[in-house]
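Protein chains in written order, with the UniProt record's numbering: chain A, 1 to 788; chain B, 1 to 114.
Please keep in mind that the hints were generated in silico from the structure rather than gathered at the bench. Treat the hints with care, since some could be wrong.
[Said to hold, decoys possible] List of simulated lysine to any residue pairs, SDA-like, C-alpha gap at most 20 Å:
(1) Lys64/A with Asn604/A
(2) Lys17/B with Lys631/A
(3) Lys631/A with Lys729/A
(4) Lys81/B with Ala283/A
(5) Lys84/B with Tyr287/A
(6) Lys84/B with Val285/A
(7) Lys289/A with Lys84/B
(8) Lys84/B with Ser235/A
(9) Lys643/A with His736/A
[Unchecked claim] Coverage of chain B stretches by chain A, computed from C-beta distances (three or more under 8 Å per stretch; other residues unrestricted):
(10) 5–19
(11) 27–33
(12) 42–55
(13) 94–102
This one's a predicted model, so the numbers in the text were calculated from it and none came from an experiment. Cβ atoms here follow ideal geometry from the backbone N, Cα and C, with glycine treated the same way.
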Amino acid sequence: MATSKVEGSSSLRHAFGGVLSVFILLLIGVVAFSIRLFSVIKYESVIHEFDPYFNYRVTQFLSKNGIYDFWNWFDDRTWYPLGRVIGGTVYPGLTLTAGTMWKLANSLNIPLSVETVCVFTAPIFSAFAAWATYLLTKEVKGTGAGITAAAILAMVPSYISRSVAGSYDNEAVAIFALIFTFYLYIKTLNTGSLFYATLNSLAYFYMVCSWGGYTFIINLIPMHVLLCIVTGRYSSRLYIAYAPLVVLGTLLAALVPVVGFNAVMTSEHFGSFLVFIIIHVVALVYYIKGILTPRLFKVATTLVLTVGIAVCAVVVAILVALVASSPTKGWSGRSLSLLDPTYASKYIPIIASVSEHQPPTWPSYFMDINVLAFLVPAGIVACFLPLSDASSFAVLYLVTSVYFSGVMVRLMLVLAPAACIMSGIALSEAFGVLTRSMKFHITKYFECSHTEAPAKLGESTSTESSAPLENMTKSDTTEKPEVARKEKVARRKQKKEKELTENAHVKPVSAKKEKRPLVLPLEASIVSVFLLIVLGGLYVLHCVWAAAEAYSAPSIVLTSHSHDGLHVFDDFREAYAWLRHNTEVDDKVASWWDYGYQTTAMANRTVIVDNNTWNNTHIATVGTAMSSPEKAAWEIFNSLDVKYVLVVFGGLVGYPSDDINKFLWMVRIGGGVFPHIKEADYLKDGQYRVDAQATHTMLNCLMYKLSYYRFVETDGKGFDRVRRYEIGKKHFKLTHFEEVFTTHHWMVRIYKLKPQKNRIRGKSRKSKLGSKSTSSKSGGMTHKNPWN
Amino acid sequence: MAKGTNDAQLLIQSLRKAYASTPTSLKIIDLYVVYAVATALIQVAYMAMVGSFPFNSFLSGVLSCVGTAVLAVCLRIQVNKDNKEFKDLPPERAFADFVLCNLVLHLVIMNFLG
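Hey, can you work out the whole structure from these sequences and the hints?
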């Protein structure tokens, strides 16, 4: 009767806890969604940056033309005259997801436009990612840790930076796919069910569809399997978790056109095949060990080793020869630059030039994961007590992602879920220990005052201690009125009900014996709980500040606060709209590759190079044109059928990311393919300058002329607000280009190529040829047109 | 050397004796695994002779054999009564999972076969 009463109350508490945790998770989803809406509130519902514009254009095409046309789409409006096979070079996960959501909404007669769906895809999937983190951490450590980790992930600034409303990029869905795949892997590992293994492969397929970072999964999971085997934790569940994933995962990865046969031929996947073979060998060894006697097993091992090593040596030699014959040892350029951080700067300047590919600075760790930076080591310790397969996976995931985040700042995003899981575990364990100590002290105090509560073993003490414990729950909540946040109260309540069920089923003496080593003094635990809550509050404050101030800027619209109010710089859209309305549909526009996606999406004109940067020579051609004098540049652009040239110039308003600041990269990339462009020609004494001391080549190159044409008319002196000095060459005319449009703040300038003169006045054609050859000998620039 | 061959013979005999004691259902699964791996090896040999031109067909053929072998091994693990981890898993559930996973595998194969 007494036990049933206890069990009844504990199952009621279980039910109450379950409902409360569902409610908390719902709130966490709402927080994750709303914290990313700052950009929509502060600016407007617009797509940000550069890459999302390409994804938006592809989604528009998908929604208009259907999936078969999308899959076979050959885009002839970029990379003129090469074009781009969109179906085969894009990761389709994001566009298919957004397209499906749009189709679903419209079929339910909710009239959302494609742009709205694209803008809000990222916040929705970040809510899903928070729930996936809850599931993953629940498998590793338990429900309390799960809820804490989910709450932390909903707000972590590193994830917010790539998934604000409007940042319609691959990472928006890829991080959710990553966490979900890991959750299903751990679930399969814990339960050994083939059903979850199938789901795991399907989730991995979704991840391959979404992001190039899927190679992280297909290398991390084999590493973990190897770790388990080496530390003696091999079990049949490990085999069921890993072997089907490799086979099914490779097949599914090969289905995605972008990956194709790379799934079996590139070095990024070889690790998984190697561990596949190793796990079969280990499984066989364990099986034979099970059916043989120990002496015979020793005989078997000696026999197998002698034969096996010989065979292995031959196979390994063949493999090494195959791999060593390719110059990059089979790895792709981007993966190689992750393993050897200096590789890109030596061989592939384009990869080195992207600012996201630089290593992060120390402050960026505190900006992006804040408090988690010092909760993570505590989490690692908590994972070791006790060590299970799942917690060893969490530790391995954290260590590898810390290394990769140190190589490339963009990969801080992969560190964020690992850090959240670890901190969730750490905080949950800390709260568990502290509240357990408080409860222990308070029950001891109450038991001393209760004279008829003997130190008797059996269930009566458990029922009696459960009654004062129930009172304690209520008094604890009244004791701490500042705990206004439901999550903390709910977590403590859940901890208490866990303790209660422990007490009801376990003998109280052994329970007390368990608790004794982990009990802290009462005052210390109260103060610690309070401090931990303050820490959490500071974390939330920082996250909201980072989301509102640092990561919500759509770089297509800029604002600045000055003494006479808010200035809005909408020059980019102004320029693209001018192009859209004032040029022919088939006109080609040349600009640096940063603006390619935006030009095709918003101005709807054909561009020469864009952000995909798949063809280094084509980009080098444009870079060479920008670094050459006017006539040579005109020749290059004319050979590409270019009609308009677009440059971004920030000197009038102080916009620092303009083309003059990026110019050295144009020189380097152009010089990498066309050796007559030398970087030293553009630097004076090793310094890059455009004032009166600049070199002659610099002052005559196309980029300088197009940026500073008529600039002296603005203030009479030509003071560049970004470089902070007066420019070198102030008064000059353009001979081969004419200015057709400059935006309001001079941020985007559009020039048209002047048509070739029909008649050359004054000189005959033969003498023109003669003068051409003399000028080529005198000038540093040869007049050779590389396409003849 | 003679001791080596003696030992090898003793080894093979004891292996055979130990294997004979496994239940028939497991032996059927083992036969299926051997058949699948043999088919995969035949396909690789054929590719070595004829060339790998429709590479996706070769890949899907080999991987379907390897995949169904792996899944059969997983089924054997789950159905084996000596395995203490899976003693409260009903064999029907194990077989249903096996069928589901094979279904997904063969759907992908059919798509990839070209």
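task = Measure nothing beyond the straight line between the CA atoms of Lys17/B and Lys631/A; if it is 20 Å or shorter, mark the hint as holding.
result = Given that 20 Å is the threshold and the Cα spacing comes to 88 Å, the pair is violated.
task = Given the hint that Lys84/B pairs with Ser235/A, test it: the Cα-Cα distance must not exceed 20 Å.
result = With Cα atoms ~11 Å apart, Lys84/B and Ser235/A stay inside 20 Å; holds.
key: 20 Å Cα cutoff - pair Lys631/A, Lys729/A   = holds, 18 Å
request  = Take the C-alpha atoms of Lys81/B and Ala283/A, compute the straight-line distance between them, and say whether it is at most 20 Å.
outcome  = holds, 17 Å
ask   = In terms of beta carbon proximity below 8 Å, does the stretch 5–19 of chain B have 3 or more residues touching chain A?
value = It holds: at least three residues are needed, and the stretch 5–19 of chain B offers 8 whose Cβ sits within less than 8 Å of chain A.
query = Between Lys84/B and Val285/A, does the CA-CA distance stay at or below 20 Å?
reply = holds, 18 Å
ask   = Taken at face value, is the distance from the CA of Lys84/B to the CA of Lys289/A at most 20 Å?
value = holds, 16 Å
request  = Sort out whether Tyr287/A lies within 20 Å of Lys84/B, counting only the CA atoms.
outcome  = Distance of about 14 Å is within 20 Å: holds.
Assertion that chain A covers the stretch 27–33 of chain B - criterion: three or more residues, beta-carbon distance below 8 Å = violated (count 0)
key: Outcome, coverage hint (the stretch 94–102 of chain B, chain A; C-beta under 8 Å; three residues)   = holds (count 5)
inquiry  = Hint check: Lys64/A vs Asn604/A, CA-CA at most 20 Å. Holds or violated?
reply    = holds, 16 Å
task = Check, residue by residue, whether the stretch 42–55 of chain B contains three or more positions whose beta-carbon lies closer than 8 Å to a beta-carbon of chain A, and give the verdict.
result = It is violated: at least three residues are needed, and the stretch 42–55 of chain B offers just 1 whose Cβ sits closer than 8 Å to chain A.
The earlier numbered hints that this structure contradicts are 2, 11 and 12.
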